[in-house]
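> Here the protein sequences come in this chain order: X and L.
Take the first sequence: its letters are residues 144 to 392, numbered as in this note's numbering.
Take the second sequence: its letters are residues 34 to 347, numbered as in this note's numbering.
By construction, these hints were calculated from the structure, which means they are not laboratory data.
It should be emphasised that the depicted structure is a prediction, and the values quoted were computed from it without experimental measurement.
Don't take each hint at face value.
What the hints assert, rightly or not - To give a feel for the contact side, a few chain L residues facing chain X, derived at Cβ under 8 Å: (1) S145; (2) A149; (3) R234.
To be verified - Computed cross-link-like contacts, DSS-like style, restricted to lysine-lysine with a CA-CA straight-line distance of at most 25 Å: (4) K368/X x K48/L; (5) K48/L x K384/X; (6) K163/X x K362/X; (7) K332/L x K48/L; (8) K313/L x K288/X; (9) K217/L x K384/X; (10) K386/X x K313/L; (11) K386/X x K306/L; (12) K386/X x K186/L; (13) K386/X x K145/X.
Idealized CB from N, CA, C, for every residue including glycine.
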Amino acid sequence: MKVLVPVKRVIDYNVKARVKSDQSGVDLANVKMSMNPFCEIAVEEAIRLKEKGAVEEIIAVSIGPIQAQETIRTALAMGADRGILVQTDADPEPLEVAKLLKAVAEAESPSLILMGKQAIDGDNNAVGQMLSALLGWPQATFASKVEVAEATVRVTREVDGGLQVLELDLPAVVTADLRLNEPRYASLPNIMKAKKKTIDIKTVDDYGGAGAGHLKVLKVTEPAKRVAGVKLETAAELVTKLKTEAGVL
Amino acid sequence: MAVLVVADHDNASLKDNTHKTVTAALAVSGEVDVLVAGEGVAAAAAAAAQITGVRKVLTAESPALGRQIGEAVAGCVLALMPGYDAVLVPATSVGKNFAPRVAALLDVAPISEIQAVIDAETFVRPIYAGNALETVKSADAKKVITVRATAFKAAEEGGAAPIEAVDPGPGAPHTRFVSDEIVKSDRPELAAAKIVVSGGRAMGSAEEFHRVIEPLADKLGAAVGASRAAVDAGYAPNDYQVGQTGKVVAPQLYIAVGISGAIQHLAGMKDSKVIVAINKDADAPIFQVADYGLVADYKTAVPALMEALGAAGL
């Protein structure tokens with residue numbers, strides 16, 4: 144079985160995003176970039192499935208600038224087999240990303256697409272669902288457990304208030320939530336080995352081109368800043384403040 | 034232009050997120066219908082019909098809709114979209130699951146987790162876990178929007194909209210429901226709770242986390258949360274995690290106990306109305322966002338707080 148894992152290069156999750164003063168976006172100049180944490184979980188899950196013998200090949204695909212090769216290289220160092228970079232300096236909207244991934248999936252014919260539930264930059268939580276809809280494949284989002292059988296996959300999903308277990312016919316799209324696994328760190332020998340693995344560099348036109356944007360970002364602003372409040376001496380004082388001043392008890 | 038709201042419910046009853054999403058929808062259009070897609074939803078539909086401002090309530094019922102299977106709900110909504118210019122969906126695990134499918138099949142861009150409506154085409158949504166707000170204008174003829182319900186007031190009740198049944202759609206032929214495990218907890222759900230009590234790495238162990246955080250939460254009728262550091266250390270389960278990679282919460286009152294206030298945690302709770310921090314390190318970043326701070330060891334401060342709450346009749 145072949146698994147396709149889309150990965151996104153985003154601001155490192157430990158870095159605070161800062162809004163540009165002209166309100167045109169978030170300042171990403173000289174900011175540490177990493178693989179989106181949910182994508183990392185998806186890569187890890189694909190590797191675990193391969194280690195169990197359920198999967199033969201893992202293809203990591205990224206849509207982004209040339210530097211996204213580093214993100215693919217990270218996936219290869221973790222244990223993915225080969226990479227595809229669909230190179231673009233535009234920042235395609237989720238719908239365009241889903242269309243490009245659909246074209247990649249049609250070219251590669253994976254049985255399973257495992258991907259993060261959302262990227263921590265745009266926070267759209269949409270590409271997996273849209274990809275599934277465009278392909279006409281079943282979906283299971285927010286996975287906390289994935290069990291692959293011959294023609295089906297059983298997925299435990301994180302839903303509000305608990306868990307839901309679904310069984311999907313393959314091929315299918317599964318998106319990873321936080322509890323699915325803890326991604327490994329790539330070992331030095333594996334980082335060296337990953338340098339020899341192939342990354343095919345493609346263009347958007349190789350996969351049908353990108354459509355026009357549907358959304359126009361008018362501005363990006365900082366949320367209202369919280370002002371540090373008061374430090375109190377006693378718990379009793381705190382309860383009084385919460386009751387009378389804040390009115391939340 | 035008419036707008037469809039997809040109700041949040043558990044088949045038996047309607048949830049408050051529906052009322053809040055109706056408020057967002059009324060800011061887009063005066064013609065708001067509510068779809069209750071599920072199985073055995075008569076009571077939930079009757080409740081939706083009472084929401085002030087709702088023009089009519091549609092019900093769609095099938096086993097797949099009863100389990101809220103994404104493909105089934107999306108199919109049902111998609112079939113109704115010729116009659117609507119926008120669909121607004123509460124950004125719950127159900128809404129987030131199906132709404133992007135509707136957008137993809139309509140060939141429009143989904144607009145996720147809006148927290149304000151500027152006009153019928155322009156919306157404000159958080160990006161970078163709320164560290165930035167994006168104002169976006171949609172060029173699409175039809176809009177598919179998920180709504181961060183905590184950002185809107187609940188619409189009131191007092192209406193009497195007509196209820197009509199619609200086609201449940203094609204279901205989900207390649208997806209089968211196996212089981213569900215809904216945690217039976219007397220505590221409110223983390224993402225919807227009015228009060229959240231969260232513990233951090235200072236707890237030092239899972240036992241201490243249970244001993245300290247849970248009784249305080251129960252005294253306040255609060256949900257329990259945790260920082261990523263506490264979760265990574267194994268003191269609390271992962272679904273307690275509040276932060277950029279966990280849940281984003283905006284309760285009336287957030288009490289952070291032994292949490293230093295890493296960026297990634299602040300991203301998940303800084304929209305809370307009132308924040309209380311209890312930390313023995315006076316320089317902890319959590320105090321920069323807290324309305325009220327107690328610089329104290331939680332070991333003495335939490336019991337003192339319990340006592341003070343008791344003395345105040347809580």
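> Taking the earlier hints as the rules, which of them does this structure contradict?
Of the numbered hints, 2, 3, 4, 5, 7, 8, 9, 13 do not hold.
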